[in-house]
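Chemist: Residue numbers (the UniProt record's numbering), protein chains in the order written: chain P, 1 to 216; chain Z, 1 to 216; chain Y, 1 to 216; chain A, 1 to 216.
Simulated from the structure, these hints should not be mistaken for laboratory data.
Backbone N, C-alpha and C define an ideal beta-carbon position, used for all residues, glycine too.
Among the clues, some could well be false.
What the hints assert, rightly or not - Some residues of chain Z that are not near chain A, with every Cβ distance over 12 Å (derived):
#1 Val12
#2 Thr55
#3 Leu128
#4 Glu181
What the hints assert, rightly or not - Pairs of lysine-lysine residues, derived as DSS-like cross-links and limited to a Cα-Cα distance of at most 27 Å, are as follows:
#5 Lys31(P) x Lys19(Z)
#6 Lys185(Y) x Lys99(Z)
#7 Lys185(Y) x Lys131(A)
#8 Lys212(Z) x Lys145(Y)
#9 Lys131(Y) x Lys99(Z)
#10 Lys145(A) x Lys212(Y)
#11 Lys122(Y) x Lys19(A)
#12 Lys185(Z) x Lys27(Y)
#13 Lys27(P) x Lys19(A)
#14 Lys131(Z) x Lys185(P)
#15 Lys131(Z) x Lys212(P)
#16 Lys212(P) x Lys143(Z)
#17 Lys99(Y) x Lys19(A)
#18 Lys31(Z) x Lys19(Y)
#19 Lys131(A) x Lys27(P)
#20 Lys131(P) x Lys19(Z)
#21 Lys99(Y) x Lys31(Z)
#22 Lys31(Y) x Lys99(Z)
#23 Lys185(P) x Lys131(P)
#24 Lys99(P) x Lys143(Z)
4 protein chains.
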Amino acid sequence: MEFARPLPSYLVQRYHGWKATTYSENKAWYKRLATEGQRPRAMVISCCDSRVHVTSIFGADQGEFFIHRNIANLVPPYEQDDARHGTSAAIEYAVTALKVAHLIVLGHSQCGGVQGCIDMCKGNAPQLEAKESFVGRWMDVLKPKFETVAGIEDSAEQARQFERQAVVASLENLMTFPFVESAVKEGELSLHGLWTDIGEGGLECYDPATGKFHEV
Amino acid sequence: MEFARPLPSYLVQRYHGWKATTYSENKAWYKRLATEGQRPRAMVISCCDSRVHVTSIFGADQGEFFIHRNIANLVPPYEQDDARHGTSAAIEYAVTALKVAHLIVLGHSQCGGVQGCIDMCKGNAPQLEAKESFVGRWMDVLKPKFETVAGIEDSAEQARQFERQAVVASLENLMTFPFVESAVKEGELSLHGLWTDIGEGGLECYDPATGKFHEV
Amino acid sequence: MEFARPLPSYLVQRYHGWKATTYSENKAWYKRLATEGQRPRAMVISCCDSRVHVTSIFGADQGEFFIHRNIANLVPPYEQDDARHGTSAAIEYAVTALKVAHLIVLGHSQCGGVQGCIDMCKGNAPQLEAKESFVGRWMDVLKPKFETVAGIEDSAEQARQFERQAVVASLENLMTFPFVESAVKEGELSLHGLWTDIGEGGLECYDPATGKFHEV
Amino acid sequence: MEFARPLPSYLVQRYHGWKATTYSENKAWYKRLATEGQRPRAMVISCCDSRVHVTSIFGADQGEFFIHRNIANLVPPYEQDDARHGTSAAIEYAVTALKVAHLIVLGHSQCGGVQGCIDMCKGNAPQLEAKESFVGRWMDVLKPKFETVAGIEDSAEQARQFERQAVVASLENLMTFPFVESAVKEGELSLHGLWTDIGEGGLECYDPATGKFHEV
Chain P
1 MEFARPLPSY
11 LVQRYHGWKA
21 TTYSENKAWY
31 KRLATEGQRP
41 RAMVISCCDS
51 RVHVTSIFGA
61 DQGEFFIHRN
71 IANLVPPYEQ
81 DDARHGTSAA
91 IEYAVTALKV
101 AHLIVLGHSQ
111 CGGVQGCIDM
121 CKGNAPQLEA
131 KESFVGRWMD
141 VLKPKFETVA
151 GIEDSAEQAR
161 QFERQAVVAS
171 LENLMTFPFV
181 ESAVKEGELS
191 LHGLWTDIGE
201 GGLECYDPAT
211 GKFHEV
Chain Z
1 MEFARPLPSY
11 LVQRYHGWKA
21 TTYSENKAWY
31 KRLATEGQRP
41 RAMVISCCDS
51 RVHVTSIFGA
61 DQGEFFIHRN
71 IANLVPPYEQ
81 DDARHGTSAA
91 IEYAVTALKV
101 AHLIVLGHSQ
111 CGGVQGCIDM
121 CKGNAPQLEA
131 KESFVGRWMD
141 VLKPKFETVA
151 GIEDSAEQAR
161 QFERQAVVAS
171 LENLMTFPFV
181 ESAVKEGELS
191 LHGLWTDIGE
201 GGLECYDPAT
211 GKFHEV
Chain Y
1 MEFARPLPSY
11 LVQRYHGWKA
21 TTYSENKAWY
31 KRLATEGQRP
41 RAMVISCCDS
51 RVHVTSIFGA
61 DQGEFFIHRN
71 IANLVPPYEQ
81 DDARHGTSAA
91 IEYAVTALKV
101 AHLIVLGHSQ
111 CGGVQGCIDM
121 CKGNAPQLEA
131 KESFVGRWMD
141 VLKPKFETVA
151 GIEDSAEQAR
161 QFERQAVVAS
171 LENLMTFPFV
181 ESAVKEGELS
191 LHGLWTDIGE
201 GGLECYDPAT
211 GKFHEV
Chain A
1 MEFARPLPSY
11 LVQRYHGWKA
21 TTYSENKAWY
31 KRLATEGQRP
41 RAMVISCCDS
51 RVHVTSIFGA
61 DQGEFFIHRN
71 IANLVPPYEQ
81 DDARHGTSAA
91 IEYAVTALKV
101 AHLIVLGHSQ
111 CGGVQGCIDM
121 CKGNAPQLEA
131 KESFVGRWMD
141 VLKPKFETVA
151 GIEDSAEQAR
161 QFERQAVVAS
171 LENLMTFPFV
181 ESAVKEGELS
191 LHGLWTDIGE
201 GGLECYDPAT
211 GKFHEV
């Protein structure tokens with residue numbers, strides 16, 4: 001393990017600044033969070049993308065959101081096999097152990113993962129099609145939705161619509177999990193689909209009545 | 001899709017507050033991030049736990065960190081099979097497409113996933129041992145490290161040490177990815193292992209020279 | 001060129017320390033900065049004064065801020081003539097080539113340049129009034145603002161207010177540059193005026209609504 | 001002045017962190033610096049480039065270096081005319097008012113300004129040749145040195161050598177200032193020429209005996 005390195009000093013400096021201010025001013029709350037455990041009211045599934053900060057957009061405090069972040073905020077369908085399922089594990093923990101009341105899927109504009117999936121669907125990304133591409137195999141989850149946007153000629157508009165479909169696909173796949181479906185039916189859990197425009201700072205919510213996304 | 005619901009109004013309100021302040025004050029920067037794409041200097045792998053906010057601890061701006069969050073901040077070993085690998089996809093994207101310079105694994109105290117793994121290793125968690133438990137199968141990744149802490153009698157101390165071992169296991173597994181290993185050897189990527197104490201606001205860094213974690 | 005001398009040994013020693021620690025820990029990031037070029041999100045214009053460290057105040061990492069430092073953090077008005085304009089060149093490069101999103105003018109307390117301008121305005125500095133004084137001719141930029149503070153009797157308070165006016169003057173002059181004005185109007189650039197109190201560690205931000213500086 | 005905006009919140013947060021740690025721990029020193037004035041032992045002239053941090057390389061404390069930063073760390077020759085001379089003003093203040101003992105010119109690799117000058121000298125940059133280009137007119141200072149590197153075929157090597165010549169030109173121009181020349185001759189001031197390699201973390205010092213730069 002000789003490869004592990006000390007933390008860059010500017011991050012050490014910023015950490016000490018955080019400790020002396022934010023932590024220090026909220027010490028009692030942090031101690032309670034440690035002693036009593038977390039009790040988040042919502043789970044958020046968003047993208048790893050560095051431009052998406054759900055805690056910033058929603059002014060979230062420590063302890064409010066249980067957050068899973070993966071490439072393109074995807075939820076694969078419920079599957080029982082011998083494989084590891086990191087996303088499914090996070091959802092299982094949030095819904096069955098923490099009993100969150102809300103489950104929010106947050107998509108976003110300029111998503112590199114979604115763009116990669118479009119490239120695959122158009123036959124332009126042999127490197128992602130390769131069996132050993134982790135990103136390619138992950139984005140396969142979204143492929144079935146491509147037919148809903150295949151006819152859109154403007155490529156930027158097509159990408160924006162496909163990003164929204166990634167949210168819809170994740171919501172649909174969430175309902176294939178028995179524990180999600182039953183919590184939703186019991187009224188203990190509600191699902192929400194969002195899409196944010198990074199450059200414009202917009203936020204749209206999926207409206208089940210129209211099947212479309214509307215500005216909140 | 002009748003199950004999807006509108007966003008809770010307190011979140012709508014907070015979003016509008018963010019848009020009128022943070023977004024508005026940084027509009028130019030958000031537009032550039034959208035137009036030019038992200039260029040994060042580091043990837044962070046942390047836990048979904050609602051009490052762990054890496055952007056807060058490090059005063060991070062939008063665009064600085066590419067963040068993957070899963071249960072117990074685990075990196076499984078490199079595997080080539082037909083399964084989906086969400087964590088591996090995130091690492092592949094960060095290292096090969098974004099070419100991040102730092103990869104930070106951030107563990108934390110009071111980790112529910114790590115505690116579940118201890119319970120399994122002690123034979124106290126049949127529900128996690130069940131084949132259909134996503135959390136159980138995910139935490140299997142950490143099981144081989146249990147021998148390093150099995151002899152610790154104080155259960156709280158044992159958990160703290162096992163949480164640190166989760167970071168070490170992830171660092172070791174990272175090095176089984178050919179593209180991580182080669183980037184580290186070329187000096188293009190450095191790995192860092194951290195553990196934070198939620199209640200005390202502490203931050204420790206893994207020191208390869210001693211094999212221990214030290215306060216930064 | 002016989003006058004050039006070797007570097008003092010205490011600086012050589014510190015450099016080697018930096019190379020073995022900070023550089024070594026961030027090697028991958030430095031290499032990327034060299035290969036891919038800088039992409040700073042902000043330009044800062046501050047004083048040469050040795051007591052003003054913008055990178056320290058803001059925990060800035062290498063690559064974050066494009067920094068121009070001159071006497072009294074002044075921006076002269078936009079001028080097209082045959083003369084060299086070092087400050088204008090730095091602003092042009094930051095805004096048109098690097099397309100920074102923020103432009104911050106940082107003033108400070110105990111500013112020797114601003115004090116010199118007060119002395120000139122009060123007729124107490126013939127040596128600065130002399131045609132050959134570079135400092136005097138440079139500080140002429142600020143003279144028109146003296147009327148805003150001429151009535152303040154307490155000389156320390158007058159100096160503090162004039163330092164803040166130096167920031168306001170620079171912001172106003174920035175808007176005379178066509179490329180700054182158009183970037184601001186397009187929402188691609190935002191301007192910020194700050195003043196820091198060296199002894200107290202205070203930081204104030206210019207508030208356009210009140211025309212005053214307020215603690216951040 | 002409606003265009004001036006509040007400071008981005010992540011910078012506000014970092015500032016408060018700095019105040020609670022670095023400032024707080026060094027309060028007495030900051031207060032002395034404010035009360036007694038600065039007494040820097042050296043002036044540094046370096047580039048605005050965000051990748052060049054002289055305070056980091058030399059572990060500099062508040063109060064140590066009087067720093068002027070402009071495009072390509074250039075010193076124009078001594079000139080007496082009606083124009084403003086920001087760089088000359090900074091040098092005059094450092095040498096005659098502060099009486100610094102060292103004057104260091106720090107060049108660096110991958111310098112955009114120097115590259116622009118090469119492009120002009122090769123006839124490839126009509127936009128920089130345009131009369132209204134501030135960067136172009138500023139970089140004219142370096143043009144006379146191009147003949148020393150014109151014969152180098154490898155363009156990267158040519159740029160590295162021209163960056164070093166920018167340091168030499170600045171040193172030579174410094175000696176055209178009567179107050180610099182006399183301070184050097186009196187043994188009250190020594191000049192130093194440095195060049196740093198951003199990616200490799202290297203530091204070279206100009207050696208007047210050989211006319212070359214050598215690793216320190």
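Chemist: Work down the list of hints and note, for each, if the structure agrees.
Modeler: Here is what the structure says about each hint:
1. Val12: holds, 20 Å
2. Thr55: violated, 9 Å
3. Leu128: Per Cβ check, Leu128(Z) is outside 12 Å of chain A; nearest 39 Å; holds.
4. Glu181: holds, 21 Å
5. Lys31(P) x Lys19(Z): Violated, at about 31 Å.
6. Lys185(Y) x Lys99(Z): violated, 34 Å
7. Lys185(Y) x Lys131(A): holds, 25 Å
8. Lys212(Z) x Lys145(Y): violated, 60 Å
9. Lys131(Y) x Lys99(Z): Given pair Lys131(Y), Lys99(Z) is violated - Cα atoms ~54 Å apart, limit 27 Å.
10. Lys145(A) x Lys212(Y): At roughly 48 Å apart (the allowed maximum being 27 Å), Lys212(Y) and Lys145(A) break the hint.
11. Lys122(Y) x Lys19(A): violated, 36 Å
12. Lys185(Z) x Lys27(Y): holds, 12 Å
13. Lys27(P) x Lys19(A): holds, 18 Å
14. Lys131(Z) x Lys185(P): Roughly 25 Å separates the two Cα atoms, so the pair holds.
15. Lys131(Z) x Lys212(P): Distance ~38 Å between Lys131(Z) and Lys212(P) Cα, so the pair is violated.
16. Lys212(P) x Lys143(Z): The given pair, whose Cα atoms are some 45 Å apart, is violated under the 27 Å limit.
17. Lys99(Y) x Lys19(A): violated, 30 Å
18. Lys31(Z) x Lys19(Y): violated, 36 Å
19. Lys131(A) x Lys27(P): violated, 60 Å
20. Lys131(P) x Lys19(Z): violated, 42 Å
21. Lys99(Y) x Lys31(Z): holds, 11 Å
22. Lys31(Y) x Lys99(Z): Holds - the C-alpha atoms of Lys99(Z) and Lys31(Y) are around 11 Å apart, at most 27 Å.
23. Lys185(P) x Lys131(P): violated, 39 Å
24. Lys99(P) x Lys143(Z): holds, 26 Å
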